[in-house]
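> Listed here are the chains, written in short residue letters.
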Amino acid sequence: GAVVSQHPSRVICKSGTSVKIECRSLDFQATTMFWYRQFPKQSLMLMATSNEGSKATYEQGVEKDKFLINHASLTLSTLTVTSAHPEDSSFYICSARHGRASTDTQYFGPGTRLTVL
Amino acid sequence: GDSVTQMEGPVTLSEEAFLTINCTYTATGYPSLFWYVQYPGEGLQLLLKATKADDKGSNKGFEATYRKETTSFHLEKGSVQVSDSAVYFCAGGGGNKLTFGTGTQLKVEL
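Chains A and B supply the protein sequences, listed in that same order.
Going letter by letter, the first sequence gives residues -14 to 102 in my numbering.
Going letter by letter, the second sequence gives residues 186 to 295 in my numbering.
So here's chain A without its partners, still in its complex pose (with noise of 0.2 Å):
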């Protein structure tokens, strides 16, 4: 159980367009689900937090136009890269979590490469 999944898996698009990365909980209801961007060889950073039917809240420094995060049910957020630019370029987590306690388990989606020519 606690099955993630994004899609895509891997993008390639040209500087200046948009792309849309989807994260779903295939088994269980995600009250809330987070967005990680991790550079090569490093840890995860923490773009922003999403809960159901609310607007994202974005760690400090990350553009919450540029990153758009849409929540619209309990089992699917996305994460719209708007005018991509090739800094944009990195892995794409996503995370879900069944309740809003710091104490349950979040679950890693299989990542997104995202790469701006």
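Hints should not be assumed to be uniformly reliable.
Said to hold, decoys possible - Derived lysine to aspartate or glutamate pairs resembling EDC-like cross-links, with alpha carbons at most 20 Å apart: (1) K5(A) to D50(A); (2) K(-1)(A) to D73(A); (3) K26(A) to E227(B); (4) K26(A) to E193(B); (5) K234(B) to D89(A).
To be verified - Simulated DEER-style distance windows between Cβ atoms: (6) G186(B) to H83(A): 21 to 27 Å; (7) S243(B) to E48(A): 40 to 46 Å; (8) T211(B) to P25(A): 25 to 31 Å; (9) F24(A) to Y224(B): 16 to 22 Å; (10) L102(A) to G263(B): 44 to 50 Å; (11) D239(B) to S(-10)(A): 31 to 37 Å; (12) A238(B) to M30(A): 26 to 32 Å; (13) E200(B) to T65(A): 42 to 48 Å; (14) G226(B) to K51(A): 21 to 27 Å; (15) T42(A) to T256(B): 23 to 29 Å; (16) Q27(A) to D239(B): 28 to 34 Å.
No lab work stands behind these hints, which were simulated from the structure alone.
Even for Gly, the Cβ is constructed at its ideal location relative to N, Cα and C.
Given chain A's structure and the hints, the job is docking chain B onto it.
What follows is chain B alone, placed relative to chain A:
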């Protein structure tokens, strides 16, 4: 703010060797502590967790004990296998988010 410090890698071991990856944390209060494993090209998988002091998390031969007195959550395995080669992340949960360490790459050779 919260922080998690784990030993730098890479760590290279022979199969059946004993593994220890150190992790210490600083946080307000007592967060839940986690170890995640990431295989090449994949996302993170929860390996084990502990939610309070003196709890021991264990899974697949790995274990870690939440030590409040030393603020540590060291990962151990008595006999590693080649299939354990991966990057291991220690993380602490406080408030509404997880704080991750920088990851430790483990390579196990025959």
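> Next, verify each hint and record whether it holds.
Outcome of the hint check:
1. K5(A) to D50(A): Distance of about 14 Å is within 20 Å: holds.
2. K(-1)(A) to D73(A): holds, 11 Å
3. K26(A) to E227(B): holds, 13 Å
4. K26(A) to E193(B): holds, 11 Å
5. K234(B) to D89(A): OK: K234(B) and D89(A) at ~10 Å, within 20 Å.
6. G186(B) to H83(A): 21 to 27 Å: holds, 25 Å
7. S243(B) to E48(A): 40 to 46 Å: Cβ of S243(B) to Cβ of E48(A): about 41 Å, so the range 40 to 46 Å holds.
8. T211(B) to P25(A): 25 to 31 Å: holds, 26 Å
9. F24(A) to Y224(B): 16 to 22 Å: With a Cβ separation near 18 Å, F24(A) and Y224(B) satisfy 16 to 22 Å, so the hint holds.
10. L102(A) to G263(B): 44 to 50 Å: holds, 47 Å
11. D239(B) to S(-10)(A): 31 to 37 Å: holds, 36 Å
12. A238(B) to M30(A): 26 to 32 Å: holds, 28 Å
13. E200(B) to T65(A): 42 to 48 Å: holds, 45 Å
14. G226(B) to K51(A): 21 to 27 Å: Given range 21 to 27 Å: holds, Cβ gap about 26 Å.
15. T42(A) to T256(B): 23 to 29 Å: Taking Cβ atoms as reference, T42(A) and T256(B) lie about 27 Å apart, which means the hint holds.
16. Q27(A) to D239(B): 28 to 34 Å: holds, 32 Å
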